[in-house]
Amino acid sequence: MVDFEPKIVAFVCNWCTYAGADLTGTSRIKYASNVRIVRFPCTGRIDYMLLLKAFAEGADGIIVSGCHPNDCHYTSGNFHARRRWIMFRSLCDFMGIDTRRIKFSWVSAAEGAKWADIVNTIVASIRELGPYEDYKKVVKKPVKEVSNG
Amino acid sequence: MTDNLYMPYLMKIEKVTYEAPGVKTFMLKFINEEDQNRFTFKAGQFGEYSVYGVGESTFCIASSPTRKGYIECTFRQTGKVTNALSGCEEGSIIGFRGPYGNTFPIDEWKGKNLLFIAGGIALPPMRCVIWNALDQRDNFKEITIIYGARTVNDLVYKHELLDWERRKDIKLVTTVDPGGESPDWKGEIGFVPTIVEKIAPSSKNSIAIVCGPPVMIKYTFPVLTKLGFQDENIYTTLENRMKCGFGKCGRCNVGKYYVCKDGPVFTLSQLKELPDEY
Amino acid sequence: MDDLRKRAKELLESSTVKVVIGYEQGTANKTRALFVEKPEDAVKLIFDSYCVQNLAVYVTKREIRDKGKMAIAATLPVLRSIIQLASESQVNDNNLLVLGITPESKLVEFSNLAEVETFVHQYQIEIDAHNKEILDKLDKMTPAERWKFWIDELTPCFKCYACRAACPMCYCHRCTVDFNQPQWIPVPSHELGNLEWHIMRAVHLTGRCVDCDACYNACPLGIPLNLLTKKMVEEAKVHFGGYQPAIKGEHLMSTYKPDDKENFIQ
Amino acid sequence: MNIDKWLVRKDSLEKLFDILKQNSKTIYAPATKNGKVSFIETDSFSGITTDYIQTTQSSKEIVFPRTEKILDYTKNRDGMSVKGIDLKDIPEIILWGVRPCDAMGIDGLSAIFNWDYKDEIYNNRLSRVTVLGFSCSKSDEYCFCTSAGGGPGNNAGSDILFTQLGTDGDYLAEVLTEKGSAVVLLASGLFEKAGEIKKEQFLAEVPVRFNKEEIRKKLENSFESELWIEHSLRCLGCGACAYVCPTCACFDIQDEAHGKAGTRVRCWDSCGFSLFTLHTSGHNPRELQSQRWRQRIMHKFSYMPDRLSVYGCTGCGRCSRACPVDMNILEHLISIQEVIV
Chain U
7 MVDFEPKIVA FVCNWCTYAG ADLTGTSRIK YASNVRIVRF PCTGRIDYML
57 LLKAFAEGAD GIIVSGCHPN DCHYTSGNFH ARRRWIMFRS LCDFMGIDTR
107 RIKFSWVSAA EGAKWADIVN TIVASIRELG PYEDYKKVVK KPVKEVSNG
Chain P
9 MTDNLYMPYL MKIEKVTYEA PGVKTFMLKF INEEDQNRFT FKAGQFGEYS
59 VYGVGESTFC IASSPTRKGY IECTFRQTGK VTNALSGCEE GSIIGFRGPY
109 GNTFPIDEWK GKNLLFIAGG IALPPMRCVI WNALDQRDNF KEITIIYGAR
159 TVNDLVYKHE LLDWERRKDI KLVTTVDPGG ESPDWKGEIG FVPTIVEKIA
209 PSSKNSIAIV CGPPVMIKYT FPVLTKLGFQ DENIYTTLEN RMKCGFGKCG
259 RCNVGKYYVC KDGPVFTLSQ LKELPDEY
Chain F
87 MDDLRKRAKE LLESSTVKVV IGYEQGTANK TRALFVEKPE DAVKLIFDSY
137 CVQNLAVYVT KREIRDKGKM AIAATLPVLR SIIQLASESQ VNDNNLLVLG
187 ITPESKLVEF SNLAEVETFV HQYQIEIDAH NKEILDKLDK MTPAERWKFW
237 IDELTPCFKC YACRAACPMC YCHRCTVDFN QPQWIPVPSH ELGNLEWHIM
287 RAVHLTGRCV DCDACYNACP LGIPLNLLTK KMVEEAKVHF GGYQPAIKGE
337 HLMSTYKPDD KENFIQ
Chain Z
935 MNIDKWLVRK DSLEKLFDIL KQNSKTIYAP ATKNGKVSFI ETDSFSGITT
985 DYIQTTQSSK EIVFPRTEKI LDYTKNRDGM SVKGIDLKDI PEIILWGVRP
1035 CDAMGIDGLS AIFNWDYKDE IYNNRLSRVT VLGFSCSKSD EYCFCTSAGG
1085 GPGNNAGSDI LFTQLGTDGD YLAEVLTEKG SAVVLLASGL FEKAGEIKKE
1135 QFLAEVPVRF NKEEIRKKLE NSFESELWIE HSLRCLGCGA CAYVCPTCAC
1185 FDIQDEAHGK AGTRVRCWDS CGFSLFTLHT SGHNPRELQS QRWRQRIMHK
1235 FSYMPDRLSV YGCTGCGRCS RACPVDMNIL EHLISIQEVI V
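Chains as they are written, first to last, in the working numbering: chain U, 7 to 155; chain P, 9 to 286; chain F, 87 to 352; chain Z, 935 to 1275.
Everything labelled a hint here was simulated from the structure, so no lab data went into it.
Derived pair list, reagent style BS3-like, types lysine-lysine, alpha-carbon separation capped at 25 angstroms: (1) P:37 x Z:1009; (2) P:280 x P:212; (3) Z:1194 x U:147; (4) P:234 x P:149; (5) F:116 x F:130; (6) Z:959 x Z:949; (7) F:147 x F:104; (8) Z:967 x F:218; (9) U:142 x Z:1194; (10) Z:1009 x U:59; (11) U:146 x F:234; (12) F:218 x Z:970.
Let the sequences and hints guide you as you build the complete structure.
Next up, the structure:
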């Protein structure tokens, strides 16, 4: 898939990763433009359902990123999020959802370079994996003419 | 109507009128000319208005069947579809399926007095009948309209209320719930049932049409009976959750009657036969 | 189970409770729930190896709960569900009296829920061998194979929500799937709708499921959807050392430890 | 109505299946999955399960699918283009191995879908389905088709009804409709003239348990009866009974949007759910489970006979089999007959 441009959705927390991404921009660091950033007050607010909706609407890869533990603006948002990510990721893996397409990371407001690096690596790996055909097939087949019993 | 029952007409929103907080009126024109000419309906019928990608919602056709070339609907922004509808501006496209349901038997009321009692957002189904009657005014004797709302601002069709007030051949009484009046409010103050009792229209040779929230209807019926109205001369409309509008999806039944096919217009005598399931 | 019948009769006669929830003989060799309100009906109560339905689902049902104080004949899974419901403040000592039935089918009456909790904590939530075997078989598959397995299993689902109805932990007055602003889970039972519903159910039961198989027994199509919640029980053990329903205890998914271990966050 | 009766040898059944397959017909037949027998698209005769009393789900799914697109729309700059379902796309289907109670259910569905307004989608699906019914030689305590106006050998709704004469005897084939004779024409070699055959002796024994006319009369003034509450205490309000039932036709209409385009979908719904009648204002005419259980029974045994002169129940007993809490409809109907005066 030479000309495949993966669609990546990034769910990021406003205080650290978004600020980090902002820093990436202000310090003129180039990174892949495939990522679409969605800003959240905190990683604690990033709901597992949003990841499923992202895949349902055609995303090929997802980044979920927020403040490092103990840096959370709301003290415990990222701790709660971490526990949810651990369990949700196991469930996704158990159901066969390709967890290589979901990247979890901590990026602080000062780590502009790390943000660019994370985006570039995931875009490269998803470009190699190709579009998320399995999920797209399930979405495209919303209504079976006559489903079996 | 194509053979697919579920296929709506495509309608363009010609005019959007802001009636009250969260209440809007749409004037809709058929995009396809023949549908426009072929389309007829009677007072009291309703339709399914659809916003594509969101869903369908049920409300009555608020314009009178005597006014050709367009239909109007009034709705309050409460659910998923009505929220999407109130987001539509003039010129956008929505769908309309109908007309469904039975009608107010206007022809039988010729030569009678008409008493319209409406509450809050229930004036639209009445407005359709009122204009229908007014467009053949001399068929009817006295026409009285008693319309109440929670506050002055909640009164819908404000400009039409003024027209009706100026007309000599109608008696219009508007009221607001106690505490809902504005300083320069000249109309009545009080709940609709109490105002009906105060005005005490005569029940001789007259028909009463009542639409409004269930609590208003519950307290208005006894007043009308006390005034001497017969059960079969009191008409009202029932509102139930609906999806198809033509008796298939099975959810709007009250006992063995389907509000979308045997209603929405019922007389009080019919209502009394219905089991307590509405 | 004569002492259960005798005790139920006494409780009703002294009207310490308004209703006793137990099992009665059903059609064919099935058993089903019975709500005894009159002392003389207590004789219909039975208990045998067929009594597997989780009766705790009824303690949050409005028509039963509004009758007044309830007594419930509870086997181990039901006891666990009751403690989990108590920890989510759905039941308490003055609206529920528990008649425990131990794994050795002996009647043990608990005077309060704390006693039930100590009894329940004697037993760990263990996935039975048969299901553990299936879980291991699935773990050995590649993600693509697991995906195919689950899409095939979930496609026949017609979203009758019997799994939700039969689960004592699914007592929400209005479930997320019943909201349409926004409509998180598609209503139609096509492949995407089924996938998202079963993922949502597994996530909402993580850390709350007591592995009683009520959902699997209720599914009219025999879909092995209890494997999802069993996997989450196993994962909870692997990552956080497992959990036990506890009235005052922490809930697995609404607390955290600063040193929660993981190997995938960069 | 003179039904022409044919004899089909035991081993020519497989040949019939293959002939139908060769004529590129899609065949749905009972097959086992997860220990449950359901109608699944089958390509080989050997894949068909034969020793079962009833499939878990009825064959309703074939004429009234659980999810069905009714229109497509696309928003474009100058407006909206909406396309209905192309009725010609609906495939030809052979329904193999339908029990008489399922076939009879089609009459109930057709009554609803053709009450005043004709539902062309349903009618088109039905017109493309050929129902090959198989009579019942076994029944269990859930079956009550004989009380609901049907029977183990009832041919209502079937295009051809096969009755096996004895455990591994040949089949009596009663051809009832043009679609049936079309199949006979297709495989005329396999159908031999059948003499006078009394099929009753090979049918299952299903005792009559109640009189549906009597129940219908009693239901008329039983709206306020306490029975509804007592019966429905253990009902959990799921949709299993409605979705396995051959005559339940209630549906929901939902829109699905993906960007600029989307579909409007009709999908199954159940009166057992509280959402079924919930108003946006929060008011719900049927708030309690007892009211919803009453609606289920009244609709099938009182409203449908009154309005559509067809009962909404064929006595298959599926709802009792599928119910997680053993809400046995037969038991409730019998107690209605005895208790309500």
